[in-house]
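Participant: What follows is the residue order along each chain.
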Amino acid sequence: MHREDFPILKNDLIYFDNGATTLKPKCVIEAMNDYYYNYGANIHRGDYKISHKASEEYELVRDKVKEFINARNAKEIVFTSGATDALNKIVFGFMKDYLHESDEVLITKSEHASNVLPWFELKKLNNIKINYIPLNENHELTLENLEKSITKNTKVISIASVTNVVGDVRDIASISKIAHQHNIILVVDGSQSVPHMKTDVIKDDIDFLIFAGHKMLGPTGVGVLYAKEEYLEKTYPIEFGGGMNQYFEETGEVEYKSIPTRFEAGTPPIAEVIGLGAAIDYLQSIGMDNINKYEQELKKYLVSKLEKNKKVILYNKSSESGILAFNLEGIFSQDTAIYLDHYNICVRAGNHCAKILKNEINIKNTCRISLYFYNTKEEIDKLVEVLENSDDLFKVIL
Amino acid sequence: MDSELKREVILDNYNNPYHKGLKNEKDYKKANTNNESCIDDIDIELKIENGIIKDANFDGEACAISTSATSIFLRKIIGKSVNEVKKLIENYENLINEKEYDEELLGELMAYDTIYMQPNRKHCALLPVDTIKKILKEE
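Each protein sequence line maps, in turn, to chains A and B. Residue numbers for the first sequence, in the working numbering: 1 to 398. Residue numbers for the second sequence, in the working numbering: 1001 to 1139.
Hints are computed from structural coordinates only; laboratory data are not their basis. Just so you know, these numbers come straight off a predicted model, no measurement behind them. Any given hint could be a false lead.
Pairwise CB distance ranges (calculated) [what the hints assert, rightly or not]:
#	chain 1	residue 1	chain 2	residue 2	range
1	A	Glu388	B	Asn1050	50 to 58 Å
2	B	Asn1120	A	Glu121	29 to 37 Å
3	A	Lys310	B	Leu1005	24 to 32 Å
By construction, the Cβ of each residue, glycine as well, lies at the ideal position given by its N, Cα and C atoms.
Isolated chain A, as found in the complex (with noise of 0.2 Å):
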């Protein structure tokens, strides 16, 4: 779908890996380019008319974020350099407080970097203890397993909605049901749901949720933290300086600003905020139920293909999302990856991140393909051909 409006799709190029950045629209280029060409000025200087149209701009994609997840009041809008900035945001500026000895955080084993790292500084910091939810046979988290695993000091379960490698949905408002009773908060990763369906953070009744720009169509070096006010009006900045104090004087008194710009100290990416308004207006234009129902129709034609390759080893593909991670029998991931390179089809190689998953899955690297809406039964179809000639595999990259 819409390929026409992907200018790099333009290069005989089969791009496959979503999962760690999408390709980005012309319209989000124009968007920054206009900034750029046009109006270029700091925010928050609002003294002459470019600087008051970049603040307005700027701020007119808080409102646009906060309508797209739906949340209650554009303050609950950080924006932050991505989404490992925002997590560390939440852990360091909320946690840090809120979590003493012996309290309990729940994870998975299969986790983003981003969603373990900063939990355990912060148990080096606070001596907490970090629990892994158990998955089942699918490496899929149950909630069965999840009410198992709560204790009477359980604190927080921080979970990715969607997995980058297993790419298991996961049953948000029922989890969020789950730890609310308990008198948990659920901080969510939507890094790899957020671009590919509808996200709702009143039904979903979410605490905490974070995401990253680039991989729902919009730059780089911009991501948000949501929270719910009564949360963020208790967070504390992690970084201090310009635009986010009210006042200071010499003797180190300083009042700072209220939520959300209390967070977003120094000059923050305004170019990319305002490419991130245009991704998110270019996403509503198609429509998030849209591009689900695409993906997964894709999903289950490449998984139907993939598995009539006796060399090709799946490991995920009972999961709802776009994400396969497979290896080719005997062949190291990397130089699968690199064959594939050599017919222009972009797939990852490794543990993409989620380097305990490998205690899960037993297996230390795969290939992953991470499928959005810009992909083809066509281009499935030359990745099928491409691993059902790989025979002669290293003959190519040798």
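Following the hints, put chain B in place on chain A, whose structure we already have.
Facilitator: Just chain B now, kept in the frame of chain A:
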């Protein structure tokens, strides 16, 4: 070396690598690849006595180029002095980086003489020497 022979050398060493399996004994010095630019994960151990490489082994998971290069390299350095190995490493690095090298000295390693044409694979070919250099730093 023609391309068919090169491929054969690489694949032989990939499919049936020499010196695979660590002994993990106390007189061995070990280092891990820890390669930041790829996913290869190889440990190399060397037994060095009086400045001579007495034994060399490796283990781990890596791509065809890294694995084969490690196999060939370890086979070559056993019995050589640390200084000879350093000279070999220098020549091999020059080969990969398109500088002057001694073909005689490199022997089978000449199988990698066209790696420079695939810049994203250079680090694969250099993986064993990066690791061996870590061990030899103290020698």
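Participant: All hints are to be evaluated individually against the structure, with a verdict given for each.
Facilitator: Now for the hints, and whether the structure bears them out:
{"no.": "1", "hint": "Glu388(A) - Asn1050(B): 50 to 58 Å", "result": "holds (55 Å)"}
{"no.": "2", "hint": "Asn1120(B) - Glu121(A): 29 to 37 Å", "result": "holds (32 Å)"}
{"no.": "3", "hint": "Lys310(A) - Leu1005(B): 24 to 32 Å", "result": "holds (31 Å)"}
Checked against the numbered hints given earlier, the structure satisfies every one of them.
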